[in-house]
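Heads up: the protein sequence lines correspond to chains A and B, in order.
Residue numbers for the first sequence follow this note's numbering, so the first one is 11 and each next one is one higher.
Residue numbers for the second sequence follow this note's numbering, so the first one is 11 and each next one is one higher.
Since the hints were made in silico from the structure, they are not lab data.
Computed from a prediction, not measured in an experiment: that's the story for all the values here.
Don't be surprised by glycine CBs; every beta carbon is placed ideally from N, CA and C.
Hints may be right or wrong, so weigh each one.
Claimed, not checked - Lysine to any residue pairs mimicking SDA-like chemistry, simulated, CA-CA at most 20 Å apart: (1) Lys197/A / Glu160/B; (2) Lys45/A / Thr68/B; (3) Lys59/A / Ala75/A.
Unchecked claim - Just a sample of chain A residues kept apart from chain B, beta carbon distances all over 12 Å, derived: (4) Glu80; (5) Thr114; (6) Lys197.
Spelled out from the first residue to the last, the chains are:
There are 2 protein chains.
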Amino acid sequence: MPFGRPRPERADAARNREHLLQVAREMIEELGAEKVTMDGLADRAGLGKGTVFRRFGTRAGIFAALLDAEEKIFQQAAMSGPPPLGPGAAPIDRLIAYGQARATFLVDHLAVVRAAVDRNNPIPSGVPSLTRLHIHMLLAQARPPVADLEVLALQLTAALEGPFLLYLSTAGPLDDAAATALSDGWKSLIDAVCRP
Amino acid sequence: MPFGRPRPERADAARNREHLLQVAREMIEELGAEKVTMDGLADRAGLGKGTVFRRFGTRAGIFAALLDAEEKIFQQAAMSGPPPLGPGAAPIDRLIAYGQARATFLVDHLAVVRAAVDRNNPIPSGVPSLTRLHIHMLLAQARPPVADLEVLALQLTAALEGPFLLYLSTAGPLDDAAATALSDGWKSLIDAVCRP
DNA sequence: ATCATAAGCGGACTTTACCCCGCTTAAATT
DNA sequence: AATTTAAGCGGGGTAAAGTCCGCTTATGAT
């Protein structure tokens, strides 16, 4: 056997992971994310609690995993979908489209995002967020008159996702009006930063 | 008796609140914020657990209260201290100074901030954050070429505080280098948005 | 096919935030 | 000073996250 990474995931483990994610989706649908407990999930999936924790580490980890799957789909659209989100449009237009699509995405998944953000979730964490990388890439093409693109990317990412995180502290739903305001604001912000 | 608000806080309750905050400060100093438990705090303060919850609602509430006290001091400096933070300097310079001071503040209090942010803490929530108001005020004076100052203020607030919140998800300390980068980035961002 | 072994599994156990409710007491009223 | 009453208090009780460790089983090697 070649000596690749530690070892691939065992077949039963992979099956259980998928099953747990599916059951979690159902329970979120039925009960709302905040009512999903580890005991409940394990019971309903017909597995032990230990298994659930082994697979996902923490409660937040489950939601992070769910979000990750959605995220992949979203990034796919951003990387290779049709313009203006995908390649083919001007970088600035792509940036604007990205922000607006992202705002919609976050509104749609707010409950899961909220559940996924929690102190002490042992996320691999090396990953500096696909959103940030994507923004950084587009900024590099747009060449705004700013010294440190790295930091600007971080700040723009925060300007986009931060309001949602800030919103997480205070409970309650997020209405379409807020999403629209944020989209418009994002456009202004990009215009202001990137146009000479 | 005149019919003002619900009723002022009873004297013993006020005394207990102050005492608890003081003990909490000591325990944070000694053990670190994440090791402070409600039982431990109650024990050490010589009070019942129920009392602690009655005063602060949730665990996060305690840290929020501590932060609030520090916040008042900070805002005092911003509102009526010496320039460039306080009044007397140009709005844009005050904005820049504010961001830099704020970054330092957040780095210094990161552990407490982390403990204060938690799902379901019953913050009055009407309060739209002093930072945001302050930024909004300075923006109104600086008059950047942007349509919706309300939203811009929200986004800038997020650009400032968001990175810390994002950072909360991943454990670990925050070094001075990061704080410096953020300060510099903030300056660039304000320059880009506010200068014609 | 059999074996060895590391990964997976389960569920009892521990810890901690948060709730409940009967007793106590500050403080306004007479 | 005595009375009233709503707020405060305490600590046992509950629920849910996360840990542990002995048993089971998939999987690759012989």
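Structure-based check of all given hints:
Restraint check: the Cα-Cα separation between Lys197/A and Glu160/B comes to about 14 Å, which is no more than 20 Å; the hinted pair holds. A threshold of 20 Å between alpha carbons decides the hint, and for Lys45/A with Thr68/B the separation of about 19 Å falls inside it, so the pair holds. Proximity of Lys59/A to Ala75/A is assessed by CA-CA distance (about 17 Å); at most 20 Å being required, the pair is judged to hold. A cut-off of 12 Å between C-beta atoms confirms that Glu80/A is not in contact with chain B; the least separation is 17 Å.
With a minimum CB-CB distance of about 16 Å to chain B, Thr114/A clears the 12 Å threshold, and the non-interface call stands. Distance to chain B contradicts Lys197/A as a non-interface residue, since its nearest Cβ pair spans about 9 Å, not more than 12 Å.
The structure does not agree with numbered hint 6 stated previously, though it agrees with all others.
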